[in-house]
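Residue numbers (the numbering used here), protein chains in the order written: chain A, 1 to 213; chain B, 1001 to 1468.
Keep in mind that the hints are not guaranteed to be accurate.
Unchecked claim - In silico DMTMM-like links for lysine to aspartate or glutamate, alpha-carbon gap of 25 Å or less:
1. LYS168(A) - GLU1257(B)
2. LYS205(A) - GLU1257(B)
3. LYS34(A) - ASP57(A)
Honestly, the hints are just simulated from the structure, not real lab data.
Residues per chain are reported as follows:
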Amino acid sequence: MEKFETLTGLVLPLDRANVDTDAIIAKQYLKSIKRTGFGPNLFDDWRYLDPGEPGMDHSQRRINPDFILNQPRYRGAQILLTRDNFGCGSSREHAPWALLDYGIRAVIAPSYADIFYNNSFKNGLLPIVLEREAVERLFRETEATPGYRLTVDLASQKVTTPSGMEFKFEIDAFRKHCLVNGLDDIGLTMQHVDEIKAYEGRRRKQAPWLFSE
Amino acid sequence: MAGKTLYDKLWDAHVVRHNDDGTCLLYIDRHLVHEVTSPQAFEGLRLAGRKLWRVDANLATTDHNVPTTDRSHGIVDPVSRLQVETLDQNCHDYGITEFSMSDARQGIVHVIGPEQGATLPGMTVVCGDSHTSTHGAFGALAFGIGTSEVEHVLATQCLILKKAKNMRVRVEGKIPPGITAKDIVLAIIGEIGTAGGTGHAVEFAGSTIRQLSVEGRMTVCNMAIEAGARAGMIAVDDKTIKYFHGRPYAPAGELWEQAVAAWQDLRSDPEAKFDKEVTLNAADIKPQVTWGTSPEMVVPVDGVVPDPDREFDSIKREGMQRALKYMDLKPGTPMRDIMLDKIFIGSCTNSRIEDLRAAATVVKGKKIAKNIRLAMVVPGSGLVKVQAEKEGLDKIFLEAGFEWRAPGCSMCLAMNADRLEFGERCASTSNRNFEGRQGAGGRSHLVSPAMAAAAAIAGHFVDVRELH
């Protein structure tokens, strides 16, 4: 997993609440057996005017010029600014994969759905929670200022605006540790093999019907 | 000492270790696997040279991509076919039991788990699918996980998790005639919203929930995630225990007695404290129909499409306006006037035998309306299909003009060939009415099986209570 330390990036404002994972990456693209290549299909139904299927040359499709992501001033955005309950719906990890593959490294919203939030950390995508008022202010500034960039510093847990205004954010110590160091969870858990085996030994005695072998 | 909630008990029984940062290493008893969210996990195992921790804890099936029509020629779509073949290969390579497409027991992962007794009370159950909350209906801790966590469970039989908060949703009173588990859970979501359970494990309780059959309880827990809660659960009672007796993967003989004794404690203590409590009265619940693009956008069938201008919150108002535009509906339109194109009875929410019986009762001896282009029934598993055919339900549906299909997820998310065309409107017994969920540009209205059946006959929504 790629490390996350600091990031200064262009902000893409997606001004809607309850953006679900079906909208982030539509079902037809979940047929892939890879983790990569989802970027051209991020927000597919909103981004293109014609229906998309896997295997198409997406650069040849009709784009929806009204969708925010297609506006030239937001090209190359690395930070997605959005509203409450982002990532609701299914457990598909293809949602963070699609955001990352497109180039988004951090999301800022007042709240997230639990599974999406969790999946993001496993892939080096940082979901930042800020107060509604702060998010509202960032929306106003982003829309009013072409080329608006924010700086995210994970170590100090701060988002800084171009004018120097700072917003602190909270993050679990463990998640931060993994993200800063690009750590793989499985490797960490494997350090506790003896404890897992000891638990299984106890469990086999208490609830033997749970073990068929 | 304060009492424990059902969630507290399930959590505590599975803690392998407490980490210093407040997370826990939690042991997973059952891992259900399907073709969509597992290939990258198996690839990860292979790349790292890791083995499966415990082969017998895994059970796989293929459900999202499978055709529901004639399967004798396999899957036509090469991309879908590759994904299904990849699961077959992975299960073969790692020795995992799989109910493949040709197996009589194949079906939707959340239908076959309980049907086989592969998910049991007191277990931790995970699957790379958000509707894993279904299995909480039996006093299990069951929740959906992402693909990285699928890999983590395959390799370690554990997950690193932070405990959620406790929430209880109580529904009290006798279930009114014509009201089903689906109406109850849609009413709950309408009340608390799609993020109402975020960060919480939700226990559904109260006399109404106790009256529900085990199948109905699965419908309720299935949609916990549509209220934002990763896990939904219901205490064990005699119905739960009776349900599992004699199932293929359930314990038998002495082990059965031992298990039943242990399961008696799978309920919240009377003095247990919840972080959040909500209570609904069953008497207030009417048949529900969603009008928008989120499950919380729901009204009773005798209601009208709501008016965004009456919404005070500007973000919510914009969401409503966007939903009305997508759904091509006008505020004030009676729900009963909404004309439909397609009917879908199926999905992990409503494809069990009880659901098919409820729909068949409404349909019997009638014909689908002329404006209905397609009405389909997709049983949740091969065994549900066989049972329904034994009861003659297939004939009732076929004579009415429905199509009788083979089991799978089908048009709940349209990963196979079953989908809505652009602009088509569907009464669906599934769980999500998101934009494009059932096909790009498709418009979904979530309802109970009886309501979907009644809508098929009338061609528009009707109040099933008036059919009695």
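Tested hints:
1. LYS168(A) - GLU1257(B): violated (55 Å)
2. LYS205(A) - GLU1257(B): holds (15 Å)
3. LYS34(A) - ASP57(A): holds (18 Å)
The structure fails hint 1 only (numbered hints given earlier).
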